[in-house]
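Residues in the sequence shown are numbered consecutively from 375, following the numbering used here.
Treat the hints with caution; some may be incorrect.
Taking lysine to aspartate or glutamate pairs in the EDC-like style, the calculated list, with each CA pair at most 16 Å apart, reads [to be verified]:
hint : residue 1 : residue 2
1    : 461       : 413
2    : 498       : 478
3    : 461       : 450
Keep in mind the hints are simulated off the structure, nothing from the lab.
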Amino acid sequence: MFSKTADPTSAPPAPPRPSTGGTNSARSVLGADLRITGEITSTGLVEVLGEIDGNISAQGLIIGQEGRVTGSVRADTVEVKGRFDGKVSCHAFTLRSTASVTADVTTATVVIESGATIEGRFLKTKG
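Whole structure, please, built from the sequences with the hints as guidance.
Encoded structure:
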């Protein structure tokens with residue numbers, strides 16, 4: 375008997391957002407104005423543009439040109455453009471030309487660009 379018709383002036387419903395839970399596509403950027411002391415854990419990529427004093431565990435780590443990290447790092451990939459002091463355990467370790475590193479590094483592969491400085495030890499992982 376009575377029926378409801380759609381209002382022609384109303385907007386269509388928004389499409390559902392894709393879920394990012396459980397994927398490793400997440401990227402966390404820690405800005406240049408941040409200074410963090412403590413532990414950082416992520417299942418995705420962490421990009422450090424500020425200063426971190428503590429341990430980092432992530433799928434990947436990028437230390438930006440102005441970034442500084444002091445502590446221990448466990449990640450699949452680590453790329454350093456800024457400063458790093460501590461210990462690293464990773465699969466792939468890359469030092470860009472602007473990198474300054476004082477660390478003990480355990481890794482399977484290493485890339486060091488001309489201009490990067492490193493002081494410490496390298497240990498090759500098995501496998």
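- Would you pick out the hints that fail for this structure and give their numbers low to high? No numbers; nothing is violated.
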